[in-house]
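Undergrad: Could you slot chain B onto chain A? The hints should help.
These protein sequences, in sequence, are chains A and B. Throughout the first sequence, residue numbering follows my numbering, covering 8 to 539 in sequence. Throughout the second sequence, residue numbering follows my numbering, covering 8 to 539 in sequence.
It is worth saying that the hints were derived from the structure and are not from the lab. Computed from a prediction, not measured in an experiment: that's the story for all the values here. Be careful, since some hints might not be right.
[Said to hold, decoys possible] Below, in silico cross-link-like pairs of lysine to any residue (SDA-like), each with a Cα-Cα straight-line distance of 20 angstroms or less:
#, chain 1, residue 1, chain 2, residue 2
1, B, Lys521, A, Gly528
2, B, Lys252, A, Gly528
3, B, Lys521, A, Gly234
4, A, Lys347, A, Ser246
5, A, Lys458, B, His142
6, A, Lys458, B, Arg505
7, A, Lys458, A, Gln434
8, B, Lys252, A, Val260
9, B, Lys252, A, Lys347
10, B, Lys119, A, Gly528
11, B, Lys252, B, Gly229
12, A, Lys252, B, Ala259
[Claimed, not checked] Restraint-style ranges between C-beta atoms, simulated for each label pair:
#, chain 1, residue 1, chain 2, residue 2, range
13, A, Pro115, B, Pro506, 29 to 37 angstroms
14, A, His212, B, Ala71, 47 to 55 angstroms
15, B, Arg442, A, Thr37, 53 to 61 angstroms
16, A, Ala71, B, Asp330, 45 to 53 angstroms
17, A, Leu438, B, Asn515, 18 to 26 angstroms
18, B, Pro506, A, Pro13, 52 to 60 angstroms
19, B, Asp54, A, His290, 42 to 50 angstroms
20, A, Ala210, B, Leu354, 55 to 63 angstroms
21, B, Thr432, A, Ala71, 23 to 31 angstroms
22, A, His212, B, Leu438, 22 to 30 angstroms
23, A, Asp433, B, Pro115, 35 to 43 angstroms
Backbone N, C-alpha and C define an ideal beta-carbon position, used for all residues, glycine too.
There are 2 protein chains.
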Amino acid sequence: MKPLHPLLIDGVWTSPEESTDSFSAADPSTGEDLTAYFPLSGQATIDRLLNAAGLASRTLANTAPTALASFLDNYATAIDEHAEELATLAHRETGLPRRPRLLEVEIPRTIKQLRDAAQSARSEDWTMPTIDTAHDIRSRLESLAKPVLVMGPNNFPFAYNGICGGDFAAAVATGHAVIAKSHPAHPGTTQRLAELALVAATAAHLPPATVQLFYHCSPEVGLSLAGDSRLGAIGFTGSETAGRKIKAAADAVGTPGYFEMSGVNPVTILPGALVERPEEIAHEFCDSCHQGTGQFCTSPGLVLTVEGLGFDRFLAAAAKRFDGATLGPMLSRALPSHLKASVKALLHAGALMVARGTTPAETGFTVAPVLLRVSGRTFLNDPAVFQNEMFGPAALVVVAANSTELVQIAQRLNASLTGSIYSVTDQTDDLLYERISSILAPRIGRLLNDKMPTGVAVSPAMMHGGPFPAGGHPGFTAVGMPASLRRFGALRCYDHVRPHRLPASLRNENPTGKLWRSIDGVWTQSDASASG
Amino acid sequence: MKPLHPLLIDGVWTSPEESTDSFSAADPSTGEDLTAYFPLSGQATIDRLLNAAGLASRTLANTAPTALASFLDNYATAIDEHAEELATLAHRETGLPRRPRLLEVEIPRTIKQLRDAAQSARSEDWTMPTIDTAHDIRSRLESLAKPVLVMGPNNFPFAYNGICGGDFAAAVATGHAVIAKSHPAHPGTTQRLAELALVAATAAHLPPATVQLFYHCSPEVGLSLAGDSRLGAIGFTGSETAGRKIKAAADAVGTPGYFEMSGVNPVTILPGALVERPEEIAHEFCDSCHQGTGQFCTSPGLVLTVEGLGFDRFLAAAAKRFDGATLGPMLSRALPSHLKASVKALLHAGALMVARGTTPAETGFTVAPVLLRVSGRTFLNDPAVFQNEMFGPAALVVVAANSTELVQIAQRLNASLTGSIYSVTDQTDDLLYERISSILAPRIGRLLNDKMPTGVAVSPAMMHGGPFPAGGHPGFTAVGMPASLRRFGALRCYDHVRPHRLPASLRNENPTGKLWRSIDGVWTQSDASASG
Numbered sequence: 008m009k010p011l012h013p014l015l016i017d018g019v020w021t022s023p024e025e026s027t028d029s030f031s032a033a034d035p036s037t038g039e040d041l042t043a044y045f046p047l048s049g050q051a052t053i054d055r056l057l058n059a060a061g062l063a064s065r066t067l068a069n070t071a072p073t074a075l076a077s078f079l080d081n082y083a084t085a086i087d088e089h090a091e092e093l094a095t096l097a098h099r100e101t102g103l104p105r106r107p108r109l110l111e112v113e114i115p116r117t118i119k120q121l122r123d124a125a126q127s128a129r130s131e132d133w134t135m136p137t138i139d140t141a142h143d144i145r146s147r148l149e150s151l152a153k154p155v156l157v158m159g160p161n162n163f164p165f166a167y168n169g170i171c172g173g174d175f176a177a178a179v180a181t182g183h184a185v186i187a188k189s190h191p192a193h194p195g196t197t198q199r200l201a202e203l204a205l206v207a208a209t210a211a212h213l214p215p216a217t218v219q220l221f222y223h224c225s226p227e228v229g230l231s232l233a234g235d236s237r238l239g240a241i242g243f244t245g246s247e248t249a250g251r252k253i254k255a256a257a258d259a260v261g262t263p264g265y266f267e268m269s270g271v272n273p274v275t276i277l278p279g280a281l282v283e284r285p286e287e288i289a290h291e292f293c294d295s296c297h298q299g300t301g302q303f304c305t306s307p308g309l310v311l312t313v314e315g316l317g318f319d320r321f322l323a324a325a326a327k328r329f330d331g332a333t334l335g336p337m338l339s340r341a342l343p344s345h346l347k348a349s350v351k352a353l354l355h356a357g358a359l360m361v362a363r364g365t366t367p368a369e370t371g372f373t374v375a376p377v378l379l380r381v382s383g384r385t386f387l388n389d390p391a392v393f394q395n396e397m398f399g400p401a402a403l404v405v406v407a408a409n410s411t412e413l414v415q416i417a418q419r420l421n422a423s424l425t426g427s428i429y430s431v432t433d434q435t436d437d438l439l440y441e442r443i444s445s446i447l448a449p450r451i452g453r454l455l456n457d458k459m460p461t462g463v464a465v466s467p468a469m470m471h472g473g474p475f476p477a478g479g480h481p482g483f484t485a486v487g488m489p490a491s492l493r494r495f496g497a498l499r500c501y502d503h504v505r506p507h508r509l510p511a512s513l514r515n516e517n518p519t520g521k522l523w524r525s526i527d528g529v530w531t532q533s534d535a536s537a538s539g
Numbered sequence: 008m009k010p011l012h013p014l015l016i017d018g019v020w021t022s023p024e025e026s027t028d029s030f031s032a033a034d035p036s037t038g039e040d041l042t043a044y045f046p047l048s049g050q051a052t053i054d055r056l057l058n059a060a061g062l063a064s065r066t067l068a069n070t071a072p073t074a075l076a077s078f079l080d081n082y083a084t085a086i087d088e089h090a091e092e093l094a095t096l097a098h099r100e101t102g103l104p105r106r107p108r109l110l111e112v113e114i115p116r117t118i119k120q121l122r123d124a125a126q127s128a129r130s131e132d133w134t135m136p137t138i139d140t141a142h143d144i145r146s147r148l149e150s151l152a153k154p155v156l157v158m159g160p161n162n163f164p165f166a167y168n169g170i171c172g173g174d175f176a177a178a179v180a181t182g183h184a185v186i187a188k189s190h191p192a193h194p195g196t197t198q199r200l201a202e203l204a205l206v207a208a209t210a211a212h213l214p215p216a217t218v219q220l221f222y223h224c225s226p227e228v229g230l231s232l233a234g235d236s237r238l239g240a241i242g243f244t245g246s247e248t249a250g251r252k253i254k255a256a257a258d259a260v261g262t263p264g265y266f267e268m269s270g271v272n273p274v275t276i277l278p279g280a281l282v283e284r285p286e287e288i289a290h291e292f293c294d295s296c297h298q299g300t301g302q303f304c305t306s307p308g309l310v311l312t313v314e315g316l317g318f319d320r321f322l323a324a325a326a327k328r329f330d331g332a333t334l335g336p337m338l339s340r341a342l343p344s345h346l347k348a349s350v351k352a353l354l355h356a357g358a359l360m361v362a363r364g365t366t367p368a369e370t371g372f373t374v375a376p377v378l379l380r381v382s383g384r385t386f387l388n389d390p391a392v393f394q395n396e397m398f399g400p401a402a403l404v405v406v407a408a409n410s411t412e413l414v415q416i417a418q419r420l421n422a423s424l425t426g427s428i429y430s431v432t433d434q435t436d437d438l439l440y441e442r443i444s445s446i447l448a449p450r451i452g453r454l455l456n457d458k459m460p461t462g463v464a465v466s467p468a469m470m471h472g473g474p475f476p477a478g479g480h481p482g483f484t485a486v487g488m489p490a491s492l493r494r495f496g497a498l499r500c501y502d503h504v505r506p507h508r509l510p511a512s513l514r515n516e517n518p519t520g521k522l523w524r525s526i527d528g529v530w531t532q533s534d535a536s537a538s539g
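In isolation and in its complexed conformation, chain A is listed as follows (with noise of 0.2 angstroms):
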């Protein structure tokens, strides 16, 4: 028998029943299989977990902000201190570089976060308090008071990791318990995150069952689980395919879910700017979809350009960089042959091969970086079949013939969760910059000008979503705080409660001075009137 590694249910690592089938992830390096094994879990575990996390919540949504800001800032501390332990977890289980992806930018961003639902939590600048003293009426945002489910994506094993990223700390600030779902591409990792987390939730005195790990489950059970009214709401992040079959057992039971799918993130280049600076823009784009192997939800898959000397300078300029490209692996074993798929697909509706990098001698779950290309013309005939999602450094240019044209293909474009559109310095594509901007606003969530998609900054003013199916609701937010937290509030209004029945701070008085409350229509740090 294969030892298997244990749960985490209620504070306590468990082992899975001894019929429990079993997993182990792989080193994209080599390609082998790793020797750790993880238990598939099934309903009888999937229960104890509702229920340990259901009592648990009722409880942190009762539990002093400061309690919970206490745990997301020791948690950070307790990364930062095994930051290299777990850089290697995560490099020998993702392939990513130590350094700098994980050590440099990943682990760093993600301790961001952590500390941001910290500050956010503490401030309690999520809940928006709204105070009419003439009625007394007062309400604010509070936690659904029951668990979270959170599933991270293969692609980030820290900043989205449902044991640490940015849903998990978005949930636990406002006051949830967290199912985490492991991504079976990084067990290993999560483990020793999880481990951590219930040392510094036990330090911040939280119910045992705040943070909970399990690792895989059958498609059956987890949609058993998307779909069970215990939970409050879910936080997910990965395939659309996946996505939507979760959303769909969500929605049956009135569980607000978010979904963070996919989307090929169109970036234009008007004419002015590719005359201007074509080979700039091509390395800034090379750079782009290149980066984390092309693994990213805002990778650059799809060029829209313009026929003319700018492009062919463009186009010579990217495929140079496509043809020498050597990176680093996959992060699974299915997804080079699932990118080859895409591309085959691609070339049999008519796409073109522009440039094809070279994959490395060595073993393990390696690709080449591809570029395709394919007149304005033929993707009008077929616009849906040119913007299926490559997952990897992979990507197609579309040649308008025209203005016209491309302003026609802009209207074909499905939801994303980016546009980035490049131009001239001086003013002169300002016309079509606008015309294409109003055909894209409506389709993505972040609009960009001059910058390439990558790079989603942990900023206040972030949208990292979009509309249906780049994200599950055009509203919200799965990365910025405070706005990514507000997804796990629940908006509660008292109405004409007793003073001293009222939380804290939707009292008169301001319970630090320091809380931004709308009263009477005014933000303001302030107290409300006391005839309220």
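TA: The following block gives chain B in isolation, referenced to the frame of chain A:
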């Protein structure tokens, strides 16, 4: 052939196709069908509505908020000027009294909502502009740039009407064309309102399809419309049965829907209050339960109490009010028999009849108010059956043997829009209050103290909504500006966008000097620093 009333499509009052089925409303006071006939619409009409509304929405998304506000204000004024005529129409179709209900309460409230929405459009306070100067990232809520479908209920011919109610006002104020579906109980009132709306929209130079109206359709056509991805969002107020189906259709294509459905609105009377002022509370309860013939989504349908002397006095006082009560007719032919069937089911399940009012001798959709009781023990045997909403002037009093049983009953409550708790004037009920209110909190949207739930103030701090299936999303309210407007907002981010291309409200300079914006984490009416 019966002449059919026209539909409002793309700014033109349009005769339905000849083959169309039709319906008529009835006069609830007499029970007689009215002789105005309205068409049922098919897919061809729906397609025309959607296409016209799509075009209009793309224009409205970029229309000056002052023009939207001007339309809403002018429309409010037109309703005010035609109040007598509108009240007469609505009285005939709904049986609701012209005074005070329609002319003194509902129409003024409707006018206030339209004007509040205009004010919110003008001030842009719903958009929550957020600026991160260090990253040069800016975001705000914006129009979805797609139409909003608004379906109103039977019980508010004005305040929640798809053509002029709160959802309508919120959708237009945020830059959307509205496709309004009349409730089939009051199509004539709705048509007259649409006439006024069209005049006001034309005067404000809004696109002709800003306001469109159809009256009714088959369930198949309705679900096809709700599931059409040409829609941006749905606002629905009505029954849980219909709401669930529409929500499922919208969810399948990722369209955000906002649903305000049902619930029994539990009123808990704590032991001290029962002893202190049983008659006073009984009278408040009866007034609330009988108001509008009990046809409110916030009608108190369930009272939780505790045995004892106070309870006997409470019940006697309430029974006396029910015994003598003669109420106005219900809104439609089916409602009295639905109510009778609901009462019969409760009696069958073990409830006892406490008091029954009289049915007026005259014809019409009249009904006798009904007061039932059941023991806490019987309730706990089947909590679901005793929480089926009885739409109309009927309520069930649950009598717990003691406080412990009262807590157990509260723990079995389903989702509702509201929860009221009556307690003694001093603090001797407070321990039990604490327990009950913490159980209630995650099950309701609005908590009231010493107050019945009917009467939903149009307040910025209102939460009219609740957990599913009382509401559709726990984070949003259907009533109160600017919060209700935010339901229809898409969060859009501008990353490194050149200053002259930014929406005015996201530029460094505050466009009005009055707009509240969150700049680097601080709510302010000042400009952003020029370094940003």
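Undergrad: How does the Cβ-Cβ distance of arginine 442 of chain B and threonine 37 of chain A compare with 53 to 61 angstroms: does it lie in that range?
TA: holds, 59 angstroms
Undergrad: Taking the CB of histidine 212 of chain A and the CB of alanine 71 of chain B, does the distance hold inside 47 to 55 angstroms?
TA: holds, 54 angstroms
Undergrad: Do proline 506 of chain B and proline 13 of chain A keep their Cβ atoms within the hinted range of 52 to 60 angstroms?
TA: holds, 55 angstroms
Undergrad: Can the suggested window of 45 to 53 angstroms be confirmed for the beta-carbon pair alanine 71 of chain A and aspartate 330 of chain B?
TA: holds, 51 angstroms
Undergrad: Just tell me: holds or violated, for the beta carbon distance of threonine 432 of chain B and alanine 71 of chain A against 23 to 31 angstroms?
TA: holds, 30 angstroms
Undergrad: Keeping to a limit of 20 angstroms between CA atoms, is the pair of lysine 458 of chain A and histidine 142 of chain B held or broken?
TA: Status holds; Cα separation ~13 angstroms.
Undergrad: Does the alpha-carbon distance linking lysine 252 of chain B and glycine 229 of chain B stay inside the 20 angstroms limit?
TA: holds, 10 angstroms
Undergrad: With respect to the beta-carbon atoms only, verify the hint that leucine 438 of chain A and asparagine 515 of chain B lie 18 to 26 angstroms apart.
TA: Holds, at about 24 angstroms.
Undergrad: Take the C-beta atom of aspartate 54 of chain B and the C-beta atom of histidine 290 of chain A, compute their distance, and say whether it sits inside 42 to 50 angstroms.
TA: holds, 47 angstroms
Undergrad: Quick check on a hinted range of 29 to 37 angstroms for proline 115 of chain A and proline 506 of chain B, using CB atoms only.
TA: holds, 30 angstroms
Undergrad: If you check the beta carbons of alanine 210 of chain A and leucine 354 of chain B, does the distance land in 55 to 63 angstroms?
TA: holds, 56 angstroms
Undergrad: With a cut-off of 20 angstroms on the C-alpha distance, tell me whether lysine 252 of chain A and alanine 259 of chain B pass.
TA: Holds, at roughly 10 angstroms.
In terms of the numbered hints stated before, the structure departs from hints 2, 3, 9 and 23, listed from lowest to highest.
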